[in-house]
Amino acid sequence: MSPAMIKMWISIAGMALMFLAIITIYWSRYKLTGVFRILTAFLAYLFMIVAGLTLLIVFFT
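Heads up: the sequence shown begins at 14 in the working numbering, then just goes up one per residue.
Since the hints were derived computationally from the structure, they do not count as laboratory data.
Model, not experiment: these values are computed from the prediction.
Among the hints, a few may not be true.
[What the hints assert, rightly or not] Cβ pair distances, simulated, as ranges: (1) VAL63 to MET18: 20 to 26 Å; (2) ILE51 to MET14: 37 to 43 Å; (3) VAL63 to ALA17: 21 to 27 Å; (4) MET18 to LYS44: 23 to 29 Å; (5) ALA17 to TYR43: 37 to 43 Å; (6) PHE32 to PHE73: 38 to 44 Å; (7) ILE62 to TRP22: 16 to 22 Å; (8) ILE25 to ALA54: 23 to 29 Å; (9) PHE55 to ALA29: 17 to 23 Å; (10) VAL48 to ALA17: 42 to 48 Å; (11) ARG50 to ILE19: 33 to 39 Å; (12) ILE51 to MET21: 34 to 40 Å; (13) PRO16 to GLY65: 31 to 37 Å.
Glycine included, every Cβ here is placed at the ideal spot set by N, Cα and C.
Given only the sequences and the hints, what does the whole structure look like? Please build it.
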């Protein structure tokens, strides 16, 4: 695979992580309570951080 195709797949994975972050943030704020709320919020922000770093790496390489 060419480097451009690899960057494309990595950026698609970053966008998918951002979508998962949005969904899990929504669940943690409006649908869940207690420990599950904290766990999903932590997971959502972890998704968002990883997605942001992934897309920054793709954009600047």
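Tested hints:
no. : hint                       : result
1   : VAL63 to MET18: 20 to 26 Å : holds (21 Å)
2   : ILE51 to MET14: 37 to 43 Å : holds (40 Å)
3   : VAL63 to ALA17: 21 to 27 Å : holds (22 Å)
4   : MET18 to LYS44: 23 to 29 Å : violated (37 Å)
5   : ALA17 to TYR43: 37 to 43 Å : holds (39 Å)
6   : PHE32 to PHE73: 38 to 44 Å : violated (22 Å)
7   : ILE62 to TRP22: 16 to 22 Å : holds (20 Å)
8   : ILE25 to ALA54: 23 to 29 Å : holds (25 Å)
9   : PHE55 to ALA29: 17 to 23 Å : holds (19 Å)
10  : VAL48 to ALA17: 42 to 48 Å : holds (43 Å)
11  : ARG50 to ILE19: 33 to 39 Å : holds (37 Å)
12  : ILE51 to MET21: 34 to 40 Å : holds (35 Å)
13  : PRO16 to GLY65: 31 to 37 Å : violated (21 Å)
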